[in-house]
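A.B. asks: We have chain G; now place chain E onto it with these hints.
Protein sequence lines, in the order shown, are assigned to chains G and E.
Using the numbering used here, you'd call the opening residue of the first sequence number 27 and step up by one each time.
Using the numbering used here, you'd call the opening residue of the second sequence number 27 and step up by one each time.
It cannot be assumed that every hint is accurate.
Note that identical chains are pooled: a pair holds if it fits in a single copy or bridges any two copies.
Said to hold, decoys possible - Listed below are the simulated BS3-like cross-link pairs for lysine-lysine, each with C-alpha atoms no more than 25 Å apart in a straight line:
no. : residue 1 : residue 2
1   : K47       : K143
2   : K213      : K90
3   : K143      : K61
4   : K102      : K215
5   : K215      : K57
6   : K213      : K91
7   : K147      : K135
8   : K102      : K57
9   : K196      : K213
10  : K90       : K215
11  : K147      : K44
12  : K31       : K44
13  : K147      : K47
14  : K215      : K91
15  : K217      : K90
16  : K143      : K44
17  : K51       : K190
18  : K136      : K147
19  : K31       : K135
20  : K147      : K102
21  : K58       : K90
These aren't lab readings, by the way, just hints derived from the structure by calculation.
There are 2 protein chains.
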Amino acid sequence: MIFEKILEEINDVVPIFKEEKEYLKSILKFKKLNKKDFLLHQKQVEDNYYYVLSGCLRSYINDKKGLEHVLQFTSKGWWIADNESILYNQPSKFNIVADLDTEILILSKKAKEESVKKFPKLELYYNESLIRSVIFLRNRLYEILSLSAEERYRNFCIMFPELKNSISQKHIASYIGITPEFFSAMKKKLKNRQICFEEC
Amino acid sequence: MIFEKILEEINDVVPIFKEEKEYLKSILKFKKLNKKDFLLHQKQVEDNYYYVLSGCLRSYINDKKGLEHVLQFTSKGWWIADNESILYNQPSKFNIVADLDTEILILSKKAKEESVKKFPKLELYYNESLIRSVIFLRNRLYEILSLSAEERYRNFCIMFPELKNSISQKHIASYIGITPEFFSAMKKKLKNRQICFEEC
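Bound conformation, chain G alone:
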């Protein structure tokens, strides 16, 4: 059951058979995290890729003033990794923490490299998940640069319908790029104006 979703996902990109499935099961390590458990601390050198089975991971930055900025949420069916830290062996710029009780699969850098040596076609799947990351990040940038806070909130609700009532409102506000006070006032205003996003 643990591996079902990811094996299906890989199989959708590139057909995999019994041998490859067994191999993948042997290199993907399962881990349960409690809410607030950390996977990665800023300045730590990283060498793992994380795939979310359930729950939610939050990646965030502490700036020089100690303020937190949410970079992204990673929910079921998505990968998260600090590729820069993994690739260049340099300290990570962000933290990854569980925002809910969360189940993940861990793929180490070494295991990933060996997997493509053994089964080169897996590169197609890794490539596909990178394309999804590029699309997600460019859309996040697009939203921050050109959409209003209301529009960003709406997109958050579309992207993460299961998170909007289960994670801290303070973190949603930070993801949207506004203060918790402004977020609270914005939601009140939307309610008063009887604007209710179908998704929210």
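C.D. replies: Using the frame of chain G, we list chain E on its own:
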């Protein structure tokens, strides 16, 4: 000469030989752009990847109010593509325009797909360039969310030393996320405070 840099770059990731080099030369199309020539218009469906040989491409969004927001610059040795439009056959969210006279190589979606069927190892190179994009975009997000305008300007100068005096100051201001007026005042202030970034 046109293909020298990209073939070297590919060869650094995965060794390629005469047959593969000749094949790559046959599928990469060379194009010269004049400053202000467009490669992609917002809402157009895209099916090409672009590699910059010289000059600079600017990707930007027009928001609902008609304001422009620079997403990214693409200079020598970098790829740019709207992966979302290419993958899902949907209208692009941004424009790509030449900010200087620019030389590029064009790889069509079809040619890319065929190239990995013919030489699966090329997937490793495409993968590498996607990782670079993920790193770039996450750093861009990190900067916008947590650095000051001065720090973002400094990073721009480090990232694009060849662009800071050759492209429009208005576009640099937009990339940094401030108005041209604020950008001009900020540079003046830096000068008055005798702060001069070594890179700028």
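A.B. asks: Decide, hint by hint, whether the structure agrees.
C.D. replies: Here's how the hints hold up against the structure:
1. K47 <-> K143: So K47 and K143 pass the 25 Å test inside a copy (15 Å) and across (23 Å) alike.
2. K213 <-> K90: Between copies only: 22 Å across chains, 30 Å inside a chain, cut-off 25 Å.
3. K143 <-> K61: neither (36 Å within a copy, 44 Å between copies)
4. K102 <-> K215: neither (31 Å within a copy, 47 Å between copies)
5. K215 <-> K57: Classified as neither; 41 Å inside a copy, 51 Å across copies.
6. K213 <-> K91: Only across copies: K213 and K91 sit 23 Å apart there, 27 Å inside one copy, limit 25 Å.
7. K147 <-> K135: both (17 Å within a copy, 19 Å between copies)
8. K102 <-> K57: Close inside one copy (14 Å), not across copies (42 Å); limit 25 Å.
9. K196 <-> K213: within (13 Å within a copy, 35 Å between copies)
10. K90 <-> K215: between (33 Å within a copy, 22 Å between copies)
11. K147 <-> K44: So K147 and K44 pass the 25 Å test inside a copy (15 Å) and across (23 Å) alike.
12. K31 <-> K44: within (15 Å within a copy, 41 Å between copies)
13. K147 <-> K47: both (13 Å within a copy, 22 Å between copies)
14. K215 <-> K91: between (30 Å within a copy, 22 Å between copies)
15. K217 <-> K90: between (36 Å within a copy, 24 Å between copies)
16. K143 <-> K44: both (18 Å within a copy, 23 Å between copies)
17. K51 <-> K190: Classified as neither: same-chain Cα gap 32 Å, cross-chain 50 Å, threshold 25 Å.
18. K136 <-> K147: both (17 Å within a copy, 19 Å between copies)
19. K31 <-> K135: Classified as within; 21 Å inside a copy, 28 Å across copies.
20. K147 <-> K102: For K147 and K102, only the intra-copy Cα distance (24 Å) is at most 25 Å; the inter-copy one is 30 Å.
21. K58 <-> K90: neither (31 Å within a copy, 44 Å between copies)
When the structure is compared with the earlier hints, violations turn up for hints 3, 4, 5, 17 and 21 and for no others.
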